[in-house]
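Asks: Both chains are given apart, each in its own frame, so use the hints to dock them into the complex.
Chains as they are written, first to last, in UniProt numbering: chain A, 1 to 247; chain B, 1 to 257.
FYI, nobody ran anything at the bench for these hints, they're computed from the structure.
There could be a bad hint or two in this list.
[Stated by the list, open to error] The calculated label-pair distances, taken between Cβ atoms and stated as ranges, are:
1. B:Glu164 - A:Glu60: 22 to 30 Å
2. B:Gly150 - A:Ser180: 37 to 45 Å
3. A:Glu216 - B:Gly122: 55 to 63 Å
4. B:Ser94 - A:Val104: 53 to 61 Å
[Stated by the list, open to error] Calculated cross-link-like contacts (lysine-lysine; reagent style DSS-like; alpha-carbon spacing at most 30 Å):
5. A:Lys164 - A:Lys144
6. B:Lys152 - A:Lys61
7. B:Lys231 - A:Lys35
8. B:Lys170 - A:Lys146
9. A:Lys35 - B:Lys127
10. B:Lys152 - A:Lys164
11. A:Lys35 - B:Lys152
12. B:Lys152 - A:Lys38
13. B:Lys170 - A:Lys61
14. B:Lys170 - B:Lys119
15. B:Lys170 - A:Lys164
16. A:Lys38 - B:Lys127
17. B:Lys170 - A:Lys144
18. B:Lys170 - A:Lys84
19. B:Lys251 - B:Lys208
20. B:Lys208 - A:Lys35
21. A:Lys188 - A:Lys61
As the structure is a prediction and not an experimental result, all values here were calculated from the model.
Positions of the beta carbon are idealized from the N, C-alpha and C atoms, including for glycine.
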Amino acid sequence: MQTQHMQQQQLHHFVFVHGSCHGAWCWFKLAAKLKGDKVRLVSEHLEPLMSFMESLPENEKVVLVGHSYGGIGTSLAMERFPTKVSVGIFLSAYMPHHDSPPAVLIQEYFKRLPEGFAMDSAFTFEEGPEHPPSSVLFGTSFMKEKAYSNCQLEDLELAMALVKSSWLYAKEMGGEDLISKERYGSGKRVFIVCEGDNVLPEEIQKWMISNYEPNEVKRIEEAGHMAMLTKPQQLSQLLQEIAAKYN
Amino acid sequence: MMKQYVLVHGGCHGAWCWYKVKPLLERSGHRVTVVDLTASGVNVSRVEEIQTLEDLAKPLLNVLDSFGSDDKVILVAHSLGGIPAALAADMFASKISAAVFVTSFMPDTKNPPSYVFEKHVGTISEKERMNLEFGSYGTNDRPLMTVLLGPKYLEKMYLLSPIEDFELAKALVRVTPAITSNLTGTKSLTEQGYGSINRVYIVCGEDKGLSVDYQRWIIENFPVKEVMEIKDADHMPMFSKPLELCDCLLKIADKYA
Numbered sequence: 001m002q003t004q005h006m007q008q009q010q011l012h013h014f015v016f017v018h019g020s021c022h023g024a025w026c027w028f029k030l031a032a033k034l035k036g037d038k039v040r041l042v043s044e045h046l047e048p049l050m051s052f053m054e055s056l057p058e059n060e061k062v063v064l065v066g067h068s069y070g071g072i073g074t075s076l077a078m079e080r081f082p083t084k085v086s087v088g089i090f091l092s093a094y095m096p097h098h099d100s101p102p103a104v105l106i107q108e109y110f111k112r113l114p115e116g117f118a119m120d121s122a123f124t125f126e127e128g129p130e131h132p133p134s135s136v137l138f139g140t141s142f143m144k145e146k147a148y149s150n151c152q153l154e155d156l157e158l159a160m161a162l163v164k165s166s167w168l169y170a171k172e173m174g175g176e177d178l179i180s181k182e183r184y185g186s187g188k189r190v191f192i193v194c195e196g197d198n199v200l201p202e203e204i205q206k207w208m209i210s211n212y213e214p215n216e217v218k219r220i221e222e223a224g225h226m227a228m229l230t231k232p233q234q235l236s237q238l239l240q241e242i243a244a245k246y247n
Numbered sequence: 001m002m003k004q005y006v007l008v009h010g011g012c013h014g015a016w017c018w019y020k021v022k023p024l025l026e027r028s029g030h031r032v033t034v035v036d037l038t039a040s041g042v043n044v045s046r047v048e049e050i051q052t053l054e055d056l057a058k059p060l061l062n063v064l065d066s067f068g069s070d071d072k073v074i075l076v077a078h079s080l081g082g083i084p085a086a087l088a089a090d091m092f093a094s095k096i097s098a099a100v101f102v103t104s105f106m107p108d109t110k111n112p113p114s115y116v117f118e119k120h121v122g123t124i125s126e127k128e129r130m131n132l133e134f135g136s137y138g139t140n141d142r143p144l145m146t147v148l149l150g151p152k153y154l155e156k157m158y159l160l161s162p163i164e165d166f167e168l169a170k171a172l173v174r175v176t177p178a179i180t181s182n183l184t185g186t187k188s189l190t191e192q193g194y195g196s197i198n199r200v201y202i203v204c205g206e207d208k209g210l211s212v213d214y215q216r217w218i219i220e221n222f223p224v225k226e227v228m229e230i231k232d233a234d235h236m237p238m239f240s241k242p243l244e245l246c247d248c249l250l251k252i253a254d255k256y257a
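With the rest of the complex left out, here is chain B (with noise of 0.2 Å):
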């Protein structure tokens, strides 16, 4: 039976990423959406706009809102895409079969949609921090943060994909926010909404940028109703593993859509 899945990038990255993935799963007959997040891919908005996760999340939520009540998605998100698409699924929720995180950061239904991420961010060692570009916006009263990950960062995240594919990344990122508590608020995703529906996560074995260790933390926090592995996966599984990662989307779409 026919799927419809939208597809959400994680930061600095844009639709472009999933370019491997969207042919491979048309061709099992699936429908696929690739979304731009506010700011990124060609997205025309400047980052200064986003003043809230909602501004972050918006094209998310006009492609959810453009289904019909009885239509439902496969949500997929990957890295720091998590926390806008958790978000999209606390406002959607009887619009999701399936929320899958792929290696990435979700939030749970206790504390900040930020938290998960602040927590990261928290981990990073002084050295790898010289890898990534801060700038900062907002007012005194609610400053607000970007962040660029730095070629070496990228590299690292990339360790295992093709080189290719590391270039077009380098040609392509674009500032992100950061997901802090000053742009998310300290309200939580709802239990009724977001907290209702079925999660999955994927974990990525060789992921460099978020540690393997991180990821079941992640889990661990808000536990998921599936854990999948891809274990030779870097940070960039839609990369490094594409038919392994299109393997697990359409297993999840057949048990949970």
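With the rest of the complex left out, here is chain A (with noise of 0.2 Å):
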């Protein structure tokens, strides 16, 4: 006797807010992966996520999902529409504390940072030289060794052909009111370690847990800092995962 076990399989709505440098394009793995789940690639400034996410009928739902300093626009998202998502996903990326402004963990994040960690990168001071810097774009050897230091040949070829300088809005983080407890402390997180990050280290990763604790932890091994490139059908699951519990 044959049985036949169907799966059903729950649909997601995701949204990928990128890094420092990147693009929506940085996605385009995970993106096909996730081909039955609706997916929303949301490109540079928060202004396209919070029409985005305004845009949302009144009870929709998403799955933000947040890498690098795109965790920012991520807490940000979840403060101004904390009823449109289920869960924010921290890829290796700033989660700030509902306490603090954004700022607070940019700022920590760079005195952090061991004298010559950013290499051959640009950053622009218009702050001021005591000030975190106000944009930055990875030079070529920051992004073979650090950033993409266990990508395939090709994904780093990729990358060269399309990084780009971007601003890091530090002076407009360091707004008091931009997260509070109510609104962004009150929705749910998970945080996704990557294992071997050069760019932003698990030590520095592990401190914002503990500063910050989410609902849960979830850890890919060997990730480097891409690893929306480098394990793509790992994270994918992951996510999906993830989704289907906070549903």
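Replies: Shown next as structure tokens:
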């Protein structure tokens, strides 16, 4: 006798927020794997993210996934639209505490970095040298040896053709009322630790987790900083599991 | 011997589209330069700044200009990139050991550079036209057009390519200027310049964006030194058949460079 097991696939709506110097393109492997679900890739600056969240119908919820600097946008979107986010996933991302402005995290990050960490990356300092940088452009060596250290050569090539300078908004992120306990703080958060990350090192990821404990911590081994490129299969499975749990 | 390739993307695309081919060629010991044409890829210009074919080709012209007078390159153009590449070849003929047109619009030396593209646009069905987004800029005296490949049109072009690359393209395509005679002017490219270089055409056998019939007509219109074919390639061989494309490009370098 044969039995057939039919698995009902629950469909989720994912919204991906990329990190510095990158664009929506960096999620291309994930977008291919999550074909059944609704996937929205949001391009730089926060305005497209906020407009998109605004446009969502009243009872629709999304899973927000922020990578690296994109964690800041994720926290701000969770603040503005707490009822529209089922869970905020921080993929080796800045995850600010609701008690402090997001800028504090940016400052802390740059304080903890050893000398010469950024290698040939270019920064501008519009507020002066004592303040965190205003913009960043990852350098070639930084890309090869740190950001893309775990990546296939092809993916590095792709990134080299596409990276561009991006703002860090350190000043704008200094506002005291940008995030709150009642709104962002009331949301569900999952942090995905990326082992081997040379841009947001594991110690800093762990520090952010201990500073502001999420609902859950997951982990991807040997991911490097660009887990969406190095481990798309694993990441997509993890995202779907998390989405199903916090639905 | 080490050769220098310069790769030129097609309409709405950018230097990024060569991300698989570039490392393959470099692994074989050659140097590869990929270019973003004006308002393409991460080039910061806006499409409205493109008033002439030369404006569009400027980044490519700069690259060719930067090579020494004794240096020769293999210029490889894909799709709509064939037209700005042909202009570049006309202006820097002595620096081109071979120009390779990969399922590309290849101008002749009799008609305006826009001729082979404008003729093709005339064959696009009403239904297919709906999968393209048209825009206009320029002046009343000299109207110019833009075009953006919609997802359904892209899907046809990427039919045999990995789905990841189709997703990549959807995230990255940008508005391109339509290469009309208003943009290029009516003067043809020269016999002494562009007409004098070695040209090779690579036909993509399963191309649903630019049909094999049309590719063959382009060749017939302005015969080339050699025709190669990648049988199972869709319109994007750099994604659907990168190894085979690289193989063709290496053979061409051996023979002509």
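Asks: Now tell me, hint by hint, if it's right for this structure.
Replies: Verification of the hints:
One distance hint, 22 to 30 Å for the beta-carbon pair Glu164 (chain B) and Glu60 (chain A), holds here, with the actual separation near 27 Å. Between Gly150 (chain B) and Ser180 (chain A) the Cβ separation comes to about 41 Å, which falls inside the hinted range of 37 to 45 Å. Roughly 58 Å separates the CB atoms of Glu216 (chain A) and Gly122 (chain B), a value that falls within the hinted 55 to 63 Å. Between Ser94 (chain B) and Val104 (chain A) the CB atoms are about 60 Å apart, so this pair conforms to the stated range of 53 to 61 Å.
Taking the CA atoms of Lys164 (chain A) and Lys144 (chain A), the gap is about 15 Å. The hint holds against a cut of 30 Å. The hinted pair formed by Lys152 (chain B) and Lys61 (chain A) meets the criterion: a straight-line CA distance of about 28 Å does not exceed 30 Å. In summary, the hint linking Lys231 (chain B) to Lys35 (chain A) is supported, as the alpha carbons are separated by about 28 Å, within the 30 Å threshold. A hinted pair counts as satisfied when its Cα atoms are at most 30 Å apart, and Lys170 (chain B) with Lys146 (chain A) qualifies at roughly 28 Å.
Distance restraint check for Lys35 (chain A) and Lys127 (chain B): the Cα-Cα separation of roughly 26 Å lies within the 30 Å cut-off, and the hinted pair is therefore satisfied. A distance of roughly 28 Å separates the Cα atoms of Lys152 (chain B) and Lys164 (chain A); the hinted pair therefore holds under the 30 Å criterion. At roughly 16 Å between alpha-carbon atoms, Lys35 (chain A) and Lys152 (chain B) fall within 30 Å of each other, so this suggested pair holds. Between Lys152 (chain B) and Lys38 (chain A), the direct Cα distance comes to roughly 17 Å. Compliance with the 30 Å bound is thereby established for this hinted pair.
Of the supplied pair hints, the one linking Lys170 (chain B) and Lys61 (chain A) holds, its CA atoms being roughly 24 Å apart against a limit of 30 Å. About 26 Å separates the Cα atoms of Lys170 (chain B) and Lys119 (chain B), which keeps this hinted pair within 30 Å; it holds. The straight-line distance between the Cα atoms of Lys170 (chain B) and Lys164 (chain A) is roughly 19 Å, inside the 30 Å bound, and the hint therefore holds. Restraint check: the Cα-Cα separation between Lys38 (chain A) and Lys127 (chain B) comes to about 27 Å, which is no more than 30 Å; the hinted pair holds.
This hinted pair checks out: Lys170 (chain B) and Lys144 (chain A) have alpha carbons roughly 26 Å apart, not beyond 30 Å. Restraint check for Lys170 (chain B) and Lys84 (chain A): satisfied, since their Cα atoms lie roughly 26 Å apart, inside the 30 Å limit. A C-alpha spacing of about 26 Å is found between Lys251 (chain B) and Lys208 (chain B), which places the hinted pair at or below 30 Å, so the restraint holds. Annotation: proposed proximity of Lys208 (chain B) to Lys35 (chain A) holds, straight-line Cα distance about 23 Å (limit 30 Å).
A distance of roughly 13 Å separates the Cα atoms of Lys188 (chain A) and Lys61 (chain A); the hinted pair therefore holds under the 30 Å criterion.
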